[in-house]
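Asker: So the chains spell out like this:
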Amino acid sequence: MATTKAELGDSIRERVRCALKQQPQPTVTVLSSLLAVQDAIHYLPDEAIEETAGFCKASVNEVWSVASFYTNFRFTPPGAHVIEVCWGPSCHLAGAQGVLAAVQQELNLFREGETDDRRATLRYNTCLGACALAPVISIDHHLKGRITAGDAKDLAGGLLVD
Amino acid sequence: MSTAFEELTNRAAGRWQELTDGAEPWIRVGGGVSGQAAGSDEIFTSVLESLDRFDVSARVSRVGSLGLMYLEPIVDVTLPGGSRVFYGNVTKDIANQIIERHAGGGSPVTSRAFAFEGEKTGGLEGVPRLEDLPEFRAQVRIATRNCGRIDPYDILQYAAHGGYSALEKALFRMTPEQALDEVKASGLRGRGGAAFPTGVKWSFLAPSKAPDKYVLCNCEEGDPGAFNDKGILESDPHTLIEGMILNGYATNSNYGYVFIRHGHDIPIEATRHAVGQAYEHGLLGKNILGSGFSFDLEVALTGDSYVAGEETALMEAIEGKRSLPRYKPPFPAAAGLWQKPSNINNVKTLAYVPQIVFNGGKWFKSIGTESSAGTAIVCLTGHIKRPGMYEVPMGMSIREVLEQVGGGVSPGKRIKVLQTGGPLGGVLGDESFDVKIDFDEMSKAGAILGSGGIIVGNETVDVVDLIRALVAFNQYESCGKCFPCRLGNTHMLETLDRLCKYEAKPADLKLMDRIGESMKLGSLCGHGQLGYNPVASALKYFEEEFRVRLRVTQPEGKSTNGSMILPTRTRP
Numbered sequence: 001m002a003t004t005k006a007e008l009g010d011s012i013r014e015r016v017r018c019a020l021k022q023q024p025q026p027t028v029t030v031l032s033s034l035l036a037v038q039d040a041i042h043y044l045p046d047e048a049i050e051e052t053a054g055f056c057k058a059s060v061n062e063v064w065s066v067a068s069f070y071t072n073f074r075f076t077p078p079g080a081h082v083i084e085v086c087w088g089p090s091c092h093l094a095g096a097q098g099v100l101a102a103v104q105q106e107l108n109l110f111r112e113g114e115t116d117d118r119r120a121t122l123r124y125n126t127c128l129g130a131c132a133l134a135p136v137i138s139i140d141h142h143l144k145g146r147i148t149a150g151d152a153k154d155l156a157g158g159l160l161v162d
Numbered sequence: 001m002s003t004a005f006e007e008l009t010n011r012a013a014g015r016w017q018e019l020t021d022g023a024e025p026w027i028r029v030g031g032g033v034s035g036q037a038a039g040s041d042e043i044f045t046s047v048l049e050s051l052d053r054f055d056v057s058a059r060v061s062r063v064g065s066l067g068l069m070y071l072e073p074i075v076d077v078t079l080p081g082g083s084r085v086f087y088g089n090v091t092k093d094i095a096n097q098i099i100e101r102h103a104g105g106g107s108p109v110t111s112r113a114f115a116f117e118g119e120k121t122g123g124l125e126g127v128p129r130l131e132d133l134p135e136f137r138a139q140v141r142i143a144t145r146n147c148g149r150i151d152p153y154d155i156l157q158y159a160a161h162g163g164y165s166a167l168e169k170a171l172f173r174m175t176p177e178q179a180l181d182e183v184k185a186s187g188l189r190g191r192g193g194a195a196f197p198t199g200v201k202w203s204f205l206a207p208s209k210a211p212d213k214y215v216l217c218n219c220e221e222g223d224p225g226a227f228n229d230k231g232i233l234e235s236d237p238h239t240l241i242e243g244m245i246l247n248g249y250a251t252n253s254n255y256g257y258v259f260i261r262h263g264h265d266i267p268i269e270a271t272r273h274a275v276g277q278a279y280e281h282g283l284l285g286k287n288i289l290g291s292g293f294s295f296d297l298e299v300a301l302t303g304d305s306y307v308a309g310e311e312t313a314l315m316e317a318i319e320g321k322r323s324l325p326r327y328k329p330p331f332p333a334a335a336g337l338w339q340k341p342s343n344i345n346n347v348k349t350l351a352y353v354p355q356i357v358f359n360g361g362k363w364f365k366s367i368g369t370e371s372s373a374g375t376a377i378v379c380l381t382g383h384i385k386r387p388g389m390y391e392v393p394m395g396m397s398i399r400e401v402l403e404q405v406g407g408g409v410s411p412g413k414r415i416k417v418l419q420t421g422g423p424l425g426g427v428l429g430d431e432s433f434d435v436k437i438d439f440d441e442m443s444k445a446g447a448i449l450g451s452g453g454i455i456v457g458n459e460t461v462d463v464v465d466l467i468r469a470l471v472a473f474n475q476y477e478s479c480g481k482c483f484p485c486r487l488g489n490t491h492m493l494e495t496l497d498r499l500c501k502y503e504a505k506p507a508d509l510k511l512m513d514r515i516g517e518s519m520k521l522g523s524l525c526g527h528g529q530l531g532y533n534p535v536a537s538a539l540k541y542f543e544e545e546f547r548v549r550l551r552v553t554q555p556e557g558k559s560t561n562g563s564m565i566l567p568t569r570t571r572p
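Those protein sequence lines, which keep their order, are chains A and B. Here the numbering used here is used: the first residue of the first sequence is 1, the next is one more, and so on. Here the numbering used here is used: the first residue of the second sequence is 1, the next is one more, and so on.
Heads up, a few of these hints could be off.
Take a look, some chain B residues computed to stay more than 12 Å from chain A by CB distance [said to hold, decoys possible]:
id : residue
1  : R11
2  : A23
3  : E42
4  : R137
5  : P176
6  : D229
7  : H281
8  : A334
9  : A335
10 : D440
11 : A536
12 : F546
13 : S563
14 : R571
Covered, in the sense of this in silico footprint (three residues per stretch, anywhere, with C-beta under 8 Å from a C-beta of chain A), are these stretches of chain B [unchecked claim]:
id : segment
15 : 29-36
16 : 117-125
17 : 219-228
18 : 262-269
19 : 313-325
20 : 525-533
Bear in mind the hints are in silico, worked out from the structure with no lab data behind them. Bear in mind that the values here come from a model prediction, so they are computed numbers and not experimental data. Think of the CB as a built atom: it goes at the ideal place given N, C-alpha and C, for glycine as much as any other residue.
So that you can see chain B by itself, here it is in the shape it has in the complex (with noise of 0.2 Å):
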């Protein structure tokens, strides 16, 4: 073991005893994108405060999230020795309590705590452990093992539970070439939505003998109703360096790109912050823990583009012009960024290539189904009891999802409608509620898994106006290069704004079915090929909805005009 390394090491165990067997209690506030919308920055400030009222003194830190966004805004208490407690929905009253009654008394406030993590101290009865929680229970958590665990700003705290590790043993006991093999012999699969086979991906570069060759990351991540890459940046972003890093090392590659949407600040900054660390800790730069490899890392910034998250596009904003994508080939391998070899991953999957390659490529093969290996991280939003970011094995159901993870709609109501894969994905009916979550399984039933969204909705949702805002999204964000998607987006919204206000021909529904044919035939990425998805996954499974449309007039007593507020707008 290189000293560096033990010397991380020995002070990373050094801060976890301190953290959580010191003299003060360790307090941690939830944070990230959706802690922010729920309210903890407010809470972590009347934390400080309560702090300061009842004169308890304790550390208190920041974290990502766990991924029960529900819960948010979540507080955390441990003891020194203790177990950790944790409150959610926390206000600034209970806020209060927490820290007068368990920070300063010693006592845990049982009836606002939602689970305990560790040893079980006293008074907790009737508190569930976290990972007997039915949301927990279902989860295999690997890329997202640290998240709402451990300060994002602290490199030691990552380093604490492993973190770096796999990076040393590929630099000091691995080839490139066997960091590469174990790759390719855990099946990994890219999770950003094509699910091509990563070990394959990586093995297209690393022959190059070219002298500048890139390994680029992407968080570009506009999909809504997706956040597992902000969520994993914000709350662990040394785990994507060190996949970044061992991403570099298998492919001889020697500088790398984090490419972040410009606006989400929290995630940003975190990254920024963690690349920093690493540099510091002698974890990127040159003669990596003095093995002889260097690595530079840098974060770069894309403006407001959907389509910027597409591959070459993404190539385009890095070089600081138009997200428009290229004709491929070359393919990037070959001619990526500044013509130079390249290789792209999504968050996720280079989130997971530190376990893989610390365990081994055939652990993570045993997770997960044959074709699919490892675990899916999805997100659920919508009409659902339990929103969150969740990390489920490969082949549960997306019923079983739903209802265990998820705990199922609201009573009294039933879920009619699922969106996944982003607004290109197009949505599901309820006899494809069963199908399993894998790639392959998924596209045979005409669906995406993309980057893991999930967006739910009860019967009370007009599918016809879903499907409206999904081309709506689509529309606006088609990034005008080719113009069967510039153009078709555009007729296809106009043709679903007519039926949403009862002002649709029966040839319309032929007319977006030869607007889609020609969407796909003409169009140079995803973004128009898979443009028509919506619409045919709507007509496939709700035809009905879209033909009662076309039949009635605007039902007497509706109160709205059927009009949706949308800026407009076609890139030229």
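So that you can see chain A by itself, here it is in the shape it has in the complex (with noise of 0.2 Å):
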């Protein structure tokens, strides 16, 4: 039997809940409740900007004011994999425009987001932290740094077809 949309609007919205009730720290935010949802499910769905409104006592435009200036938050589901790419200044000497444009090329996606079979997703990153290892990666939030434009190439391809 087919799932029907309103169906997993709730299982969204279920886990949604689920995320904003396990938030440790003691200082709930909307902007911590947010964070908390998208590491939970990774993206922030419209249920989840209308759950965190009503957990925090906040309008949905406050909500959405929140999520829309944060770089990190992203609005549709990530691809199966998530390679991030860092053009800050130190990565840049390095060779990160090339690097970038190796990914590009490979994934055939010239802007953040995801490819067409959604196997990858790719984000511009302004810094991952590992500068003295430039050029920096991430590959589904695992660092590596000392990368080449052909190294970049092959782990870009090789999301393709795991």
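With the hints as a guide, bring the two chains together.
Answerer: This is the structure we're talking about:
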């Protein structure tokens, strides 16, 4: 039996509620709630915005204003794998543009977002924090440093097949 | 001494004894953000596999970072009662050899070892002492003293190295005023960029009788090229926690927040775990060690926003809102987080405090220069032989740091440009490399020490292209509140883009100057006020490179079209 859209929405809602309730820190805010939801389901569907508003006793507008401000929030589900490429100055000097171009070519994706088959999500990052090992990329939140354009091409290609 | 603290130090001494002189070898694998990027997770797994394969029993710990990022992944072995031997750039094969021959067979693999520490025991011919390595000899490690030495997840290892002794001293043998006086006497200045005297800042908060006062620690650290805040948190989070409790005690405040950027999981997890452990040991919470002083601490996360590192924007983010800077006054000491009196300090600043309280302000003042006491924790990246995190005394020249500590650039190349103080800090040319690392000296030379990031560029660097990358960062990260910053950065980026594509007109340089002036005058926080710095400093040292772009059309044979791949975004 096919799942209806309403049922799918309900299960997302349930996961969002769970993430909201399970925040471990004493101070719970709109921002902390959105981060908790994004950590749990990797994006912020409309249900997350509504539930966060109810949970934090804020308006949907207020929640959207926060969600649209911080650049790590995403509003569509990510692909099966996420590749992030750093373009900060340390990585820039070490050849980040070449790495980024190689990843774009390999994924055939020339902006941030998902490949057509949704196997991979490409993101640009301003600093992944391992500048001494520039250029740095991250694959599924695991950092890899001292990357060449060739390495990046292979790693990105690997995401499309496995 | 409180009995609870005595029990902690006794257990800590026992733990250290057991680790360094117990029944089994102790293997430490470097971790942290840089370690992971170098492959240390995989090396940790292969160490465990090798132990299994060769049937060697040993204790294995993940430690933070020694600061020698260029040697990561680093693995070291301490045989019971023996010296600690370090191996760098470890591969799976090397890990295998280390386990089989050193941890299992008892003889160090000297051909692979880069240093040792402790008593020189047999079989270490030709291996230098850690403190004799050129990049170690120049260092004075105060805030980073434990980094790479102790397991950040074990409070006992911190306590075994004098951890929480400063807190015990302050709580039982000093009044809050005396603790504050030591910080004042130390001459400590804020390490986040503004270099404001820490003791003076604390003394704005201390007299307030408000029931709720907050002390905040800033580890937003979005500066590309700086990773020392994260480096301290992932390697030695208890140093920061002790510093924050002391900040609370000295200013009669009872609640603290450590503010970290979401996504930096390694320092976040280490800090959260350490806070939990401090609670378990009665070092946080009500009536700390039976002293009557209470202090609570939690970790708060921000989403990705560079401006969230600005002090008032950070408070907005902790309150769960968009991280837009507030108008000042009122200043944080009067109305900060939730409009309550607050103090905010950088991780590095607070990490010095336990040593200052324990050894006295005079001791700290004796290190460094007259106007800038103590050390600078610098992060060297870019075209340098030994990228890493190093703690050097204030007063060393930048050139000395680059050469003695960083090992200089690759042979046959010369250093052309330095980018210091984060993307708003601007660049330095050759004539400024002899300036001393000192807040005032650097500021006189037009440079910002900022959070300590020094990005090195050799002669192959195209300065205009580098400046475009910096301005692109600033444009992307403008919070959008003040239009001179939001639009000014966008226009400046467009102009630099034209320059890089050889499409600019001579009037464009003047245009950037006017935009920069407007940004300086019309922006609320440093992001806009300092936003013209990269271009202004580059024009000062490298004007000819800009002029060439105006005279020449695209040089023949250049493979690129001068474009840069960038996310384009303007915050509404």
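Asker: Against each hint, give a clear statement of whether it holds in the structure.
Answerer: Against the structure, the hints:
1. R11: holds, 27 Å
2. A23: A23/B is indeed farther than 12 Å from all Cβ atoms of chain A, at 35 Å.
3. E42: violated, 10 Å
4. R137: Correct as stated: the minimum Cβ-Cβ distance to chain A is 20 Å, above 12 Å.
5. P176: It holds; P176/B is separated from chain A by about 24 Å at its closest Cβ, greater than 12 Å.
6. D229: violated, 10 Å
7. H281: holds, 19 Å
8. A334: holds, 22 Å
9. A335: Check passes; 18 Å lies beyond 12 Å.
10. D440: holds, 25 Å
11. A536: holds, 17 Å
12. F546: It holds; F546/B is separated from chain A by about 18 Å at its closest Cβ, greater than 12 Å.
13. S563: For S563/B, whose nearest Cβ neighbour in chain A is about 9 Å away, the distance does not exceed 12 Å, so it is violated.
14. R571: Non-interface label on R571/B violated, nearest chain A Cβ at 6 Å vs cutoff 12 Å.
15. 29-36: holds (count 3)
16. 117-125: The restraint on the segment 117-125 of chain B is violated, since only 0 of its residues have a Cβ under 8 Å from chain A and three are required.
17. 219-228: holds (count 7)
18. 262-269: Holds, because 4 residues of the segment 262-269 of chain B bring their Cβ atoms closer than 8 Å to Cβ atoms of chain A.
19. 313-325: holds (count 7)
20. 525-533: As far as the segment 525-533 of chain B goes, the hint is violated, because 0 residues have Cβ atoms under 8 Å from chain A.
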